[in-house]
Amino acid sequence: GAVVSQHPSRVICKSGTSVKIECRSLDFQATTMFWYRQFPKQSLMLMATSNEGSKATYEQGVEKDKFLINHASLTLSTLTVTSAHPEDSSFYICSASPTSGANEQYFGPGTRLTVT
Amino acid sequence: GESVGLHLPTLSVQEGDNSIINCAYSNSASDYFIWYKQESGKGPQFIIDIRSNMDKRQGQRVTVLLNKTVKHLSLQIAATQPGDSAVYFCAENLTGGFKTIFGAGTRLFVKA
Numbered sequence: 001g002a003v004v005s006q007h008p009s010r011v012i013c014k015s016g017t018s019v020k021i022e023c024r025s026l027d028f029q030a031t032t033m034f035w036y037r038q039f040p041k042q043s044l045m046l047m048a049t050s051n052e053g054s055k056a057t058y059e060q061g062v063e064k065d066k067f068l069i070n071h072a073s074l075t076l077s078t079l080t081v082t083s084a085h086p087e088d089s090s091f092y093i094c095s096a097s098p099t100s101g102a103n104e105q106y107f108g109p110g111t112r113l114t115v116t
Numbered sequence: 117g118e119s120v121g122l123h124l125p126t127l128s129v130q131e132g133d134n135s136i137i138n139c140a141y142s143n144s145a146s147d148y149f150i151w152y153k154q155e156s157g158k159g160p161q162f163i164i165d166i167r168s169n170m171d172k173r174q175g176q177r178v179t180v181l182l183n184k185t186v187k188h189l190s191l192q193i194a195a196t197q198p199g200d201s202a203v204y205f206c207a208e209n210l211t212g213g214f215k216t217i218f219g220a221g222t223r224l225f226v227k228a
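Protein sequence lines, in the order shown, are assigned to chains X and F.
For reference, each letter of the first sequence is one residue, going 1 to 116 in my numbering.
For reference, each letter of the second sequence is one residue, going 117 to 228 in my numbering.
Since the hints were made in silico from the structure, they are not lab data.
Not one of these hints is a red herring.
With a straight-line Cα cutoff of 27 Å, these simulated DSS-like cross-link-like pairs (lysine-lysine) come out:
(1) Lys158/F / Lys20/X
(2) Lys41/X / Lys187/F
(3) Lys215/F / Lys184/F
(4) Lys215/F / Lys66/X
(5) Lys55/X / Lys215/F
(6) Lys158/F / Lys66/X
(7) Lys158/F / Lys64/X
(8) Lys41/X / Lys227/F
(9) Lys227/F / Lys158/F
(10) Lys14/X / Lys158/F
(11) Lys41/X / Lys215/F
(12) Lys215/F / Lys20/X
(13) Lys41/X / Lys158/F
(14) Lys20/X / Lys55/X
(15) Lys64/X / Lys215/F
Stretches of chain F that chain X covers, calculated by requiring three or more beta carbons in the stretch to come under 8 Å of a beta carbon on chain X:
(16) 153 to 160
(17) 205 to 212
(18) 218 to 225
Cβ coordinates follow ideal geometry from the N, Cα and C atoms, glycine included.
Let's have the full structure, built from the sequences with the hints guiding it.
And the structure:
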């Protein structure tokens, strides 16, 4: 149980375009979803926390107009990277929790974004 | 500030030996700690957790030790196997559990 999927697993896009990444909880309802970014050989950095039906809470330094997060249902959250630039190339990982907190998180497999 | 760091960025061990991965945290308000394993190109995988009211917890081949006095966490892996090769992250949740802060990570190499 507690499986989280992400789609796509890899995406290449041109600079200036937007790309959407989906995060789904397959066998539970996710009250809270988290989005992380991980640069090569670095740790996971929390970007934002989203609760179903509410606006996402962004971490300091994360541009909310650039990284649009939608958590429209209890099983789906999307991250849209708008006007992508090469420096946005990274590994984006989501996690989902059946509770309102972070103490029980299930991680997705990640999405590798490359912006050319 | 809030941070979780690691003493050793890489660790190389012989197959069958025990591994110890260390982590220092700085936020005394953290009350829940987790160790994750991450293989290349994959998401983090939960290994073991411990709450701040405990100082030791054991799982299958893994043990986590928590020393709140010096704000130190360690992960012990018994009889390390090639499949244990990965990057290991410690993480802390602040009281209330609304946010997880990841440490820098340690890469474990297991030599056959």
